[in-house]
Amino acid sequence: MVNFGELILRKFQNIAGSRYEEIVKAYQEFFLTEEEMKIPVISSVLLTIDRFSQEPPDELYEVLVSYKSATVRVVYIIDSALCTLIRETLGEDEAREFREKEEGLGREVLEKISRKLSELEMYFTTELIFEEKAPFVEEAVEEHDLLMISRHFGSESLKTHNISPLVFRIVQGIEKPVIVY
Amino acid sequence: MNAPEVIALSVFLGTYAFIMTEKLHRTVAAMIGASIVLITNVVSWEKVPEYLDLNTILLLAGMMVVVNIAKESGLFEYIAIKTAKFSKGNPMRVLLLFSVVTAVVSAFLDNVTTVLLLTPMLLYITKRMEVNPVPFLLSEVFASNIGGTATLIGDPPNIMIGSAAGLSFNEFIANMTPIAFLDLFVTVAIIYLAYRSTIKVSPEREEAIKSLIMEMNENDAIRDRKLFKKSLIVIGLVVVGFFLHDRLGLEPAIIALTGASILLLWSGASPEQALEKVEWATLFFFGALFIIVGSLVETGVIDAVALRMTGLVHTEGEAIFTIAWFSAVSSAVVDNIPLTATMIPLIKAMGTSFSPYPLWWALSLGACLGGNGTAIGASANVVVIGIAYREGIRITFGDFMKAGLVIMFSTVAVGSLLLWLRYVVL
Chain W
0 MVNFGELILR KFQNIAGSRY EEIVKAYQEF FLTEEEMKIP VISSVLLTID
50 RFSQEPPDEL YEVLVSYKSA TVRVVYIIDS ALCTLIRETL GEDEAREFRE
100 KEEGLGREVL EKISRKLSEL EMYFTTELIF EEKAPFVEEA VEEHDLLMIS
150 RHFGSESLKT HNISPLVFRI VQGIEKPVIV Y
Chain S
0 MNAPEVIALS VFLGTYAFIM TEKLHRTVAA MIGASIVLIT NVVSWEKVPE
50 YLDLNTILLL AGMMVVVNIA KESGLFEYIA IKTAKFSKGN PMRVLLLFSV
100 VTAVVSAFLD NVTTVLLLTP MLLYITKRME VNPVPFLLSE VFASNIGGTA
150 TLIGDPPNIM IGSAAGLSFN EFIANMTPIA FLDLFVTVAI IYLAYRSTIK
200 VSPEREEAIK SLIMEMNEND AIRDRKLFKK SLIVIGLVVV GFFLHDRLGL
250 EPAIIALTGA SILLLWSGAS PEQALEKVEW ATLFFFGALF IIVGSLVETG
300 VIDAVALRMT GLVHTEGEAI FTIAWFSAVS SAVVDNIPLT ATMIPLIKAM
350 GTSFSPYPLW WALSLGACLG GNGTAIGASA NVVVIGIAYR EGIRITFGDF
400 MKAGLVIMFS TVAVGSLLLW LRYVVL
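Chains as they are written, first to last, in numbering that gives the first Met the number 0: chain W, 0 to 180; chain S, 0 to 425.
These are calculated hints, taken from the structure and not from any lab test. Mixed in with the good hints, there may be bad ones.
Below, computed lysine to aspartate or glutamate pairings styled on DMTMM-like, alpha-carbon distance capped at 20 Å [to be verified]:
(1) K10(W) x E297(S)
(2) K10(W) x E217(S)
(3) K115(W) x E131(W)
Per the computed footprint, the stretches of chain S lying under chain W, defined by three or more beta-carbons under 8 Å from a beta-carbon of chain W, are [stated by the list, open to error]:
(4) 69 to 81
(5) 156 to 166
(6) 388 to 397
Keep in mind that this is a model prediction, so the values were computed, not measured. C-beta: ideal position from N, C-alpha, C; glycine also.
The whole structure should be built from the sequences, with the hints applied where relevant.
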């Protein structure tokens with residue numbers, strides 16, 4: 000005896016099989032997936048910046064405001080490997096000068112972001128650190144619920160990529176939600 | 000019985016047997032049958048144009064082209080999202096609105112395309128509502144078959160009947176649309192009463208679904224805004240053309256083909272792609288079937304059966320009920336296209352004893368609504384159950400038949416009663 004399920008699927012395949020695949024594909028663009036349906040609880044946000052990162056746009060602050068009770072950890076990262084390379088190749092004085100310039104820039108950026116977050120009455124902390132960028136972010140994000148990162152983070156001066164390879168590596172490697180701006 | 004009669008009857012019964020048992024694809028079975036009656040000269044080559052109903056075939060082809068181009072614009076997904084938004088996450092509104100929209104769209108476009116495009120949205124909403132999706136899916140299928148009954152272009156049997164009997168679009172609107180409207184109301188009421196306990200949603204969940212649905216933007220569904228507008232305009236013009244075709248003295252097929260040509264020209268769509276998606280297998284099935292049935296007419300078999308039938312049926316009222324119920328019960332198990340193709344010459348032959356006019360409506364009623372009786376009664380049923388299977392929702396043959404037979408008997412009873420009142424009593 001013919002199995003009814005098999006019969007229906009066979010007849011369905013003849014009448015509409017490939018057409019249905021196309022239609023479902025079109026619908027998937029505006030149907031939320033099961034994963035998207037679950038609204039993640041965000042109590043801490045990691046915002047990582049470096050010298051190549053864009054200034055966080057207003058839209059990003061709007062998102063942050065929606066997590067009013069969350070704590071934002073803003074970290075400006077100076078590439079420690081680059082500092083070591085300069086010291087070893089150009090000497091101690093050049094390395095110090097580079098570090099001072101980087102620190103100055105970092106403080107300026109952090110100050111701007113702090114001002115904005117204060118205006119929005121968000122809880123936040125700021126840090127300026129010397130670290131290797133990717134390993135630091137990958138490790139630090141484990142203690143947070145959301146990562147915000149510029150698409151040019153870890154880029155180079157010319158910003159030849161739309162999204163820097165470092166950001167790609169981070170986004171692909173971590174399991175936490177990420178906002179790339 | 001002489002040799003041509005034996006050949007014609009054997010080919011006809013053989014083709015039916017292959018279609019029913021699915022030993023062969025229905026198109027292949029019909030083409031082989033048509034080849035036999037042509038080779039044996041039961042139907043001569045000169046007679047082929049007489050039996051090949053080009054009006055039906057070209058009307059179907061024209062509408063297929065229009066739909067194939069229009070659906071690329073995202074028009075139907077747009078309708079689905081709009082319908083979902085109007086429902087506001089309320090299960091009763093979802094049931095009613097999706098049934099009404101399915102019926103209205105099916106009245107103008109083919110049923111399979113309609114349910115294919117609306118079912119994913121219906122499943123998405125019922126999943127979010129965490130309710131039993133089966134009543135919603137069943138209501139959609141029934142509504143699609145009922146909607147198809149309403150107009151000349153809604154369902155292939157109507158196209159065939161309209162073409163063979165020379166009935167206009169407006170005559171279908173005057174005779175079948177009120178029946179379809181009443182039947183839709185009866186259907187939704189039956190489904191609601193039968194399943195009301197399984198489609199309840201708490202007010203909190205309803206609110207959550209509402210906000211989820213309201214966040215969907217129907218404009219996101221539009222993939223090509225220009226094509227969207229052009230498709231709407233052309234479909235609108237085609238529908239207006241159908242309303243006016245008898246006054247203009249144009250066959251419906253000419254309206255459909257003109258619409259298809261205009262949309263092809265205006266949209267700049269690739270004719271190769273648009274024509275590639277025309278269901279050629281269905282069109283060839285029609286063509287071959289017309290020739291097979293033509294062989295029954297040619298050999299006088301149809302006349303003999305008609306004579307027997309008129310001997311059994313004595314009044315017009317009896318004829319209305321007999322044709323409506325015979326077609327309905329047969330359509331529940333046999334493809335309604337060959338059934339209609341066979342019934343058409345039969346009714347023409349019976350026209351010597353009764354006025355055939357009400358009998359055409361009885362045939363349309365039975366052939367279109369009979370499909371609701373079983374899971375394999377109509378293509379739309381198979382498509383929706385097939386989608387449900389793929390999504391892990393099991394609708395068994397028995398599940399479908401329990402609801403389907405109730406709907407079929409109720410809707411055909413309402414329809415045949417209205418026809419009887421209109422054409423016999425009043």
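Numbers of the earlier hints that this structure fails to satisfy, in rising order: 1, 2, 3 and 5
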